[in-house]
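Undergrad: Each chain, letter by letter, is given below.
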Amino acid sequence: MRARFLFLALGMALHAASVEADPVALRGARILTADSAGTIEQGTILIDRGKIVAVGAEVRIPAGTVEVDLAGKTVTPGFIATDSVIGMVEISGGSDADETSSATIQIGAGYDVQYAINPLSTTIPIARKGGVTRAIVMPNAGPDNATFAGQAAILSLREATEAEVRAKVGIVWDMRTRAYGRGATFVQFRSDLADVRRFSRNAGVFVKGELLSREWSRADLEALIPIIKGDKPLAVRVDRASDILTLIDIASEEKIRLVLIGAAEGWVVADRIARAGVPVAIDPSDNLPGDFDEIGATFDNAARLHAAGVQLIIRGGASAHDAGKVRLYAGMAIARGVPAEVALKAVTVTPARIWGAKDFGAIAPGQNADIAVWSGDPFEPMTELTALYIGGELQSLFSRQDALEERYIPAARVSASRTNPD
Amino acid sequence: MFMRACLLGVSMVIGCGLPATAAPEDPYPSTYAAKPAPPTAIVGASVLTAEGPVLENTTLLFSDGKVIEIGQGIELPPETVVIDGAGKWVTPGIIDIHSHLGVFSSPGVPSMRNGNEKTGKNTAEVWAEHSIWPQDPGFEMARRGGVTTLAILPGSANLIGGRTVTVKNVSSVSVQGMKFPGAPYGAKMACGENPIVYAARGNDPFTRMGNMAGFRTAFIEAQGYLEKKKKGETQKQDLRLETIAGILSGEITTHIHCYRADEMMQMIDLSKEFGFKIGAFHHASEAYKIADVLAAEGIAVATWADRWGFKLEAYDGVPLNVAALEWAGVHTMLHSDSAVLVQRLNLEAAMAMASADRAGGQISREEAIRWITLNPAKTLGIADRTGSLAPGKMADLVLWSTDPFSVYAVAEKVFIDGVKVVDRDDPQRDPDSDFLLGQPVMGAGQ
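Going line by line, the protein sequences match chains A and B.
According to this note's numbering, the residues represented by the first sequence are 18 to 439, in order.
According to this note's numbering, the residues represented by the second sequence are 11 to 456, in order.
In case anyone wonders, no lab produced these hints; they're calculated from the structure.
Among the hints, a few may not be true.
Said to hold, decoys possible - If you only want the chain B side, here are some residues facing chain A, beta carbon under 8 Å, derived: (1) Pro117; (2) Lys128; (3) Gly319; (4) Asp326; (5) Pro329; (6) Asp367; (7) Gly370; (8) Ser374; (9) Leu446.
What the hints assert, rightly or not - Short, incomplete list of chain A residues facing chain B, as computed with Cβ under 7 Å: (10) Val285; (11) Pro306; (12) Phe309; (13) Ala428.
Glycine included, each C-beta is placed from N, C-alpha and C at the ideal position.
Could you build all of it, start to finish, from the sequences and the hints given here?
TA: See the structure below:
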């Protein structure tokens, strides 16, 4: 067992090294590009130095290229798990092995998930097995439980001892209206924004104690500047239609880039969301009236929002342990009327662009080679992931779960060599 | 309702003829009776009966609530409603053996958290059916996911949490109108973290050894009660001891919430110490570590496809658990324990099949469908009436838009005792649940 591990590790290293040295051509697969090229049958993807250089039905292969035959396979961009706590949680409950939010009232908007991420969490290889290559890691509500939760980050699920994180890609607000009451929450929000604008014009107001809405920490004020300038998105977890409308109105007045997360009653005000150009991250399985803010929850939410022209992100499997299931949530959205092409983009290029990443999310020249290889339709549970590349590097698909299976389940021992793509 | 059911000749094992004041041995009886429905035939579908191979291009005829015939070239009685099943699939109605619908309802407001009687470590006296809110919209969502029968369990906050109840997933103003006629009772037990963590404040158990002591004490007490009962000696009726004595006498099945292999082994020894049979371990994340023991002991397992990591005792959950149990000969089932997962137990089965495939093994559709139909029916003691499609069995069935193990499969029509309870071709139907009826938001934004 130990010997095999070593052998595999060595194999991986060699392969990764060869990717560094020589271009790689993935040939013969059905390519779902999530880009303007749409679907390419029996196409070729040429990768060099971690980037996609060319993609198409006919691609010139330079001498010295390592060719990988993917005939019969389907290839997609690596999937993106949006609104995840992967890396922040090893065990969700009762084990002091989770941190998803600030525990101090002093740091709210400034809370930075990058420091909570452990790249050696067992959840990361398991998510890779679902074809997930990046996650938008987002904090949960902080101690005041009512306003800004903190700053999101994009985590690469690449095998690494050091987390590859793009920090501070936006601010998350977990709108728990009951904590303050709506009549206070939105008033607080507006006066917070006014303070941030004053601070942004003249940081001296902080030293002079001239800020009015609350006792600010400097970290929180600084974190919010890109939001009021419209440089980064403010993602709000919200469900009730009336709250969505309030947020759209405030965002429009304040010129804030709003992203709605959850939006169980989004379909009710789909036209308003579409007109405001606000993207929505939907869990397509969210159809229960879990509380009185989502009486209108329905399976048809995603399809109706799409029909109204709203840009969709599909999220699902919010726990760190289920991050690899995002492809199934895309499938569920398709089953409920979202076009397959839209669903594909909703778990790849759309979240990447909304969170400010221009260099991954699609299979197109210039993009990072984040590529998932599938035995068939990537949204079907019966389909197997056969290989995964992040930034052109072939990733291990071996997890702690595989190790447990090998130890205890005879069939897993016999087939252990299948657990690695090589 | 009683009278009508009897007049219609609907088969009721219990119910018809009972006096208004219930007999002590069967209080709170079922009043469920299927409504009349026309003879119906689904023609040309692929039929997974849960008893044999997939039957291609097959007709399934049901009438008076029962499956009449399954095959090709069936002569249909006049007035039969014919449904075109070409390209579609038929399966038995799905059975969820671990649900808290109605006891932890939607909306999940504090006043509706009725599943855990957190007043002590042993609350064997409570019955889940007395907490069930039949208007929980979750029942209707589960119905749209093809679920026709559910075992509703008390929660896992107590060592012995109370009695379970088996219900037909029908719309009703009372739980009595949902109770599966004549289904035996179960008892919910829980080992591990939950009885410790959620124990009533200031009460034991504080530790896993406290859990075991609590179980042993409870069974010792019930032994004496059962002894007297058997001898016909008079004693004051004790609801708590009635349930535990029922476990000892074998009348009540045990559903034991247990994650870790070592704790399941402790529970097996407990069952031997007191001479009762364990019905099923639920959740059982580590069942794969003792698959051979479970097979040899004839203990069933109800679990998920691959949930893990939500607490330490579920840290070793693996996606190959279900297949490993099946391969070892364990009576294997999938359960939901969730108002969301219950709506896609077919996908849970697909995920477990896929894990078997990846390991290079094989689980057929014929095997996988049993995890969510016939196998739970057997453990619940209702397999003679539902859980598979065969002449004479209840016409509890689902017409799927495609292969039920596909993510794209939608339950187009669902029948319970031959009555159509879900119809995707009639989307304008009012919600079944009174709670959702007439809500302005449902008609908004059109």
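Undergrad: With a cut-off of 8 Å, does the beta carbon of glycine 319 of chain B approach a beta carbon of chain A closely enough for the hint to hold?
TA: 4 Å, holds
Undergrad: Does the closest beta carbon of chain A sit nearer than 8 Å to the beta carbon of leucine 446 of chain B?
TA: 7 Å, holds
Undergrad: For the restraint on phenylalanine 309 of chain A, tell me whether the closest CB of chain B is nearer than 7 Å.
TA: With a minimum Cβ separation of about 6 Å from chain B (threshold 7 Å), the hint on phenylalanine 309 of chain A holds.
Undergrad: Quick check on valine 285 of chain A please, does its C-beta sit within 7 Å of some C-beta on chain B?
TA: This hint holds: valine 285 of chain A lies near chain B, its Cβ roughly 4 Å from the closest one there, short of 7 Å.
Undergrad: Does the nearest C-beta of chain A fall within a distance shorter than 8 Å of the C-beta of serine 374 of chain B?
TA: 12 Å, violated
Undergrad: Against chain A, is proline 329 of chain B within 8 Å by beta-carbon distance?
TA: Holds, because the Cβ-Cβ distance from proline 329 of chain B to chain A comes to roughly 6 Å (cut-off 8 Å).
Undergrad: Let me know if the C-beta of alanine 428 of chain A comes in closer than 7 Å to any C-beta of chain B, holds or violated.
TA: Constraint on alanine 428 of chain A satisfied, holds at 5 Å.
Undergrad: Quick check on the hint: aspartate 326 of chain B CB to chain A CB, less than 8 Å?
TA: At about 6 Å, which falls below the 8 Å cut-off, the nearest Cβ of chain A leaves the hint on aspartate 326 of chain B intact, so it holds.
Undergrad: Regarding the hint that proline 117 of chain B lies at the interface with chain A, is the smallest CB-CB distance below 8 Å?
TA: At 5 Å from the nearest chain A Cβ, proline 117 of chain B passes the 8 Å test, so the hint holds.
Undergrad: Would you settle whether the hint for glycine 370 of chain B is holds or violated, based on the nearest Cβ-Cβ distance to chain A being less than 8 Å?
TA: It holds, given that the least Cβ distance between glycine 370 of chain B and chain A is near 3 Å, below 8 Å.
Undergrad: With a cut-off of 8 Å on the beta carbons, see whether aspartate 367 of chain B makes it to chain A.
TA: Because about 7 Å separates aspartate 367 of chain B from the closest Cβ in chain A, which is inside the 8 Å limit, the hint holds.
Undergrad: Does proline 306 of chain A hold up as a contact with chain B if the rule is Cβ-Cβ below 7 Å?
TA: 5 Å, holds
This entry does not satisfy hints 2 and 8, going by the numbered hints stated previously.
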